[in-house]
Amino acid sequence: MNENTSGPSPQVIAGVFDLARDGLTGPLGEMLDAGVPINMVNPRGDTLLIVAAYQQHPETVADLLRRGADASAINAMGQTAISCAVFRNNEAILKLLLEADADPRLGTHSGVAIADQFGLPRMREVIESYPRD
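No gaps in the numbering here: position 11 of the sequence shown is -7 in the working numbering, and each next residue is one more.
Keep in mind that the hints were calculated from the coordinates and are not lab data.
For every residue, glycine included, the Cβ atom is placed at its ideal position computed from N, Cα and C.
Hints may be right or wrong, so weigh each one.
As the list claims (entries may be wrong) - Now the in silico label distances, taken between C-beta atoms and shown as ranges:
no. : residue 1 : residue 2 : range
1   : Pro103    : Met59     : 36 to 44 Å
2   : Gly101    : Met59     : 19 to 27 Å
3   : Glu73     : Arg49     : 33 to 41 Å
4   : Gln(-7)   : Tyr112    : 33 to 41 Å
5   : Glu73     : Pro9      : 21 to 29 Å
6   : Lys77     : Phe100    : 32 to 40 Å
7   : Glu110    : Glu12     : 34 to 42 Å
8   : Ser54     : Glu110    : 38 to 46 Å
9   : Arg104    : Gly(-11)  : 36 to 44 Å
10  : Met59     : Pro113    : 35 to 43 Å
11  : Met22     : Gly101    : 31 to 39 Å
12  : Gly(-3)   : Tyr112    : 17 to 25 Å
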């Protein structure tokens, strides 16, 4: 993808999101290396990172973060990748995101709010164990 185009086609976007959804880290990385924008969004406002976090693919989440994915992106529903990790009760992904300085208080459905709403004390404990500046 070069800067003179209008961006990836809807078919490419759907295919790339399928890779994130399925945790196909290698092929997803190849698409990103070919120029697909790492922080592109689907019609719901989800980023690749949000989708990978929701679908519980820690290797894909780690690779996206290593490549510079925006850990603080908020989708159209006010959710972040941290919200997804907390909702899915996935401590490993939550820790990856916190280590990448994702803010658990961002969004109208923040990770903190999700932990409290769904009674997930361990998720709240993990969040509180990461100091914020």
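Under the constraints set out in the numbered hints, which ones does this structure not fulfil? Hints 1, 3, 6, 8, 10 and 12 are the ones this structure does not satisfy, whereas the remaining hints hold.
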